[in-house]
Amino acid sequence: MDAKNTPYPIVHLHYRKGDLIMKEGDYGVSIYKVISGHVRVTQQQGNMDVALATLGPGEVFGEFVFLNKSVETRSASVRAVDDVELEVMHPAALSREYEQMSPILRFITNQTLTRLVRMNKLYAQLLEKKEIAQKQQKDPGEAKRRHFRKDTNLTCVYWPAGGPSKLRLQGRLMDISVGGAAMEVSSRNALNTRHDPGSEFTIQVNLPSGRDMEVVGKVRTIDMNQVPGRIQMGIQFTRITGESKKTLGFFMMS
Amino acid sequence: MAIDSSVYGYMVDEQDFPDKKVIIEENSIGDWVYIVLEGQVKVKKKTAKGVLTLATLGEGAIFGEMPLFLKRDKLRTATVQADGPVKVGILDTSRLDKEFELLSPQLRGLIKTLARRFTETMDKISEVAAT
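From first to last, the protein sequence lines stand for chains A and B. Note that this note's numbering numbers the first sequence so that position 245 is 265, with each residue one more than the last. Note that this note's numbering numbers the second sequence so that position 103 is 607, with each residue one more than the last.
The following block holds chain B by itself, in its conformation from the complex (with noise of 0.2 Å):
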């Protein structure tokens, strides 16, 4: 996935990580929103019979977005862990914010449903798979 170039004009900072470091924690708190910029990164959720792979995710993905559309809690939903040395930009969450927010209701709504499905959809398959 290439990165798209509107990407740039909101990125604060660049951070570099070395393989296995963990970027995000699971049912931690926070919001920066993430891209990768170079390397891989793993998303993790925890089961009842151990830690689980949900993706490999490669340049230019965005991670780290549901707690922008989820407002009610900012923990996060899975781990992100680097997969190989990683350089990743951080972006700028109070413009995406402000963006999110002045959309109308009717797009936000749909936004909305999509994240918390997708979030749900996680929770699902980590029970199942502790099954």
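The shape of chain A in the complex, shown without the other chains (with noise of 0.2 Å):
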């Protein structure tokens, strides 16, 4: 059976940019397919935010609870990059089109979902292992400036500042300050676009305090040849909302 020919009638859902969408640990079985706009997958590990993936319109989440029969809540927590457009999808619906699929493809889509469960915790363990890592290198006159710069290891999104904002790429910050912060992202990245001193990006990051922050910064340096495939930019904020200072200052004192 098709599952456009299903009684179930087909909801629309409209979130705004940074609006929690499905939360981990919670109950729901809905499927959610992105219309318009894009959303952000993240994970819990440890004290750690982990960025999964970023989806956008024609892409699927909320899918593990109705591929894994043995899981009940969510895996991952799904929050609105921009403003988006989701409809719902029934698992009602999916649900016998999946079981009539011939038992080839449904072993080789719950073989997917596997990997891609084992390939998500070893993702995380690198990324924390890395952080470890980076907080032996780091240097000691840092604890003394630690009141004013904190060091964090989280996700942001940016694009070249006034340039078409359906370019995202990503990178990391590595620390933050009121004034600037110390990104890190893939050469592959400046393949496309800009990266040089002077550079202007507007950066958006979620910060550990669950608040959104979007601020507009220029690239002071730049540093191509410290880690292979990785570009090290250290960035002054040049423009940021009341709102984003806000946020930011009290991300500062926490």
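Everything labelled a hint here was simulated from the structure, so no lab data went into it. Be a bit skeptical, because a hint or two may be false.
[As the list claims (entries may be wrong)] Calculated pairs, EDC-like style, for lysine to aspartate or glutamate (alpha carbon to alpha carbon, straight line, at most 20 Å): (1) A/K155 x A/E117; (2) B/K553 x A/E148; (3) A/K150 x B/D627; (4) B/K553 x A/E151; (5) B/K602 x A/D195.
[As the list claims (entries may be wrong)] Here's a subset of chain A near chain B, in silico, CB distances under 7 Å, partners left out: (6) E79; (7) M139; (8) G254.
[Said to hold, decoys possible] Restraint ranges, calculated between C-beta atoms of paired labels, are given here: (9) B/V555 x A/Q65: 42 to 52 Å; (10) A/M272 x B/E605: 46 to 56 Å; (11) B/D535 x A/V137: 55 to 65 Å; (12) B/I594 x A/M272: 57 to 67 Å; (13) A/P77 x B/D535: 19 to 29 Å; (14) B/T557 x A/R208: 16 to 26 Å; (15) B/M515 x A/M244: 42 to 52 Å; (16) B/S532 x A/R138: 16 to 26 Å; (17) B/I533 x A/S115: 20 to 30 Å; (18) A/S56 x B/G588: 43 to 53 Å; (19) A/M272 x B/Q544: 43 to 53 Å; (20) A/R208 x B/E605: 45 to 55 Å.
Cβ atoms here follow ideal geometry from the backbone N, Cα and C, with glycine treated the same way.
Two chains, two frames, some hints: make the complex.
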């Protein structure tokens, strides 16, 4: 049976930028398809929030509970990166088709799910290991400055300031202060987008306090040789809204 | 993992590989789908700091299936290498492909998203491992 021909009405949902759509640990069975906008999938790992994926139009989330009958709660949180429209797919509509699907495709699908879960774990473990290694490397003087520069390991989204916000690059904020941040990105990001001293980027990040912050920052220093495949940038914040400034201030004090 | 019996109906050929022999090369082009019949294989990915082993797959595991779901490029996302002598079955890709295309867009979208997240996660792992 085609899921289109089921008696379940198609429900559309709208979320604003920053809204929490799904919370890790909550009960829920619906599957969502992104119609427009982007969402970010994150998972709690120790005291770190690990960004697992950013999903755009046509992509699906909330499928873990549907595919893995032994799981009852959401395995990850999902938040709107920008204004988002979603289509809710009722699991019952998909369930019958899934049961009737050829056994081999069902087998491969389950295998992919199992492997994805394992790779997500491995990814989180590697991130954690790297974070610990970096903390040990920090220079001793760092401790004295801790109160106005904070070590972080936060996934952020950024794009050239004033450029099309459809272009979304991913980076990590390694430390942050009220005036700037150290950002690390993949060298691949620089293939099609200029990353030079003076380049201005709009940066969006969800702070561990759960609040979103958006700033415009200028690249002051750039180092492509420290770590192969990665670019380290020193960013100076040049524009920050009152709301984001407050959010950042509270985070720095916490 | 036991071999799913329905797989035999899809098998078009069998092939033996000696220890260390590369069955699938990362970034090469290809869309054959394989199943491990005897022995085991290692899944490896290149990183800036050398080769990283991501998984060991044993009897019954299917590999090489990503191009089936992610049509846009048939580039192999990882290297698969024999870990000891291995016998693999080669599956009928076009039949699998036809069955996949017959699914509703909803179910296909769900499987495609899983596949894309899986390959992206492997990419992210090799990036982190290299730093």
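Status of the hints after comparison with the structure:
1. This hinted pair does not check out: A/K155 and A/E117 have alpha carbons roughly 50 Å apart, beyond 20 Å.
2. Simply put, B/K553 and A/E148 have alpha-carbon atoms about 18 Å apart, close enough for the 20 Å limit, and the pair holds.
3. For a cut-off of 20 Å, the pair hint linking A/K150 to B/D627 stands: about 16 Å separates their Cα positions.
4. For the hint pairing B/K553 with A/E151, the CA-to-CA distance comes to about 18 Å; that is within 20 Å, so the pair holds.
5. This hinted pair does not check out: B/K602 and A/D195 have alpha carbons roughly 50 Å apart, beyond 20 Å.
6. About 5 Å separates the beta-carbon of A/E79 from the nearest beta-carbon of chain B, less than 7 Å, and the hint is met.
7. Interface restraint check for A/M139: the shortest CB-CB distance to chain B comes to about 4 Å, inside 7 Å, so the restraint holds.
8. About 18 Å separates the beta-carbon of A/G254 from the nearest beta-carbon of chain B, more than 7 Å, and the hint is not met.
9. Distance hint for B/V555 and A/Q65: a CB-CB separation of about 25 Å, inconsistent with the stated range 42 to 52 Å.
10. Our hint of 46 to 56 Å for A/M272 and B/E605 holds, since their Cβ atoms are close to 53 Å apart.
11. Between B/D535 and A/V137 the C-beta distance comes to about 25 Å, which lies outside the given range of 55 to 65 Å.
12. Restraint check, B/I594 to A/M272: a C-beta distance of roughly 58 Å satisfies the suggested window 57 to 67 Å.
13. About 26 Å separates the C-beta atoms of A/P77 and B/D535, a value consistent with the hinted range of 19 to 29 Å.
14. Evaluation of the 16 to 26 Å hint for B/T557 and A/R208 yields a pass: the beta carbon distance comes to about 23 Å.
15. For B/M515 paired with A/M244, a C-beta distance near 49 Å keeps the hint of 42 to 52 Å intact.
16. Restraint check, B/S532 to A/R138: a C-beta distance of roughly 24 Å satisfies the suggested window 16 to 26 Å.
17. One distance hint, 20 to 30 Å for the beta-carbon pair B/I533 and A/S115, is violated here, with the actual separation near 36 Å.
18. Between A/S56 and B/G588, the C-beta spacing of about 50 Å keeps the proposed range 43 to 53 Å intact.
19. The given range of 43 to 53 Å is respected by A/M272 and B/Q544, whose C-beta atoms sit roughly 51 Å from each other.
20. For the hinted restraint 45 to 55 Å between A/R208 and B/E605, the CB-CB distance of approximately 31 Å leaves it violated.
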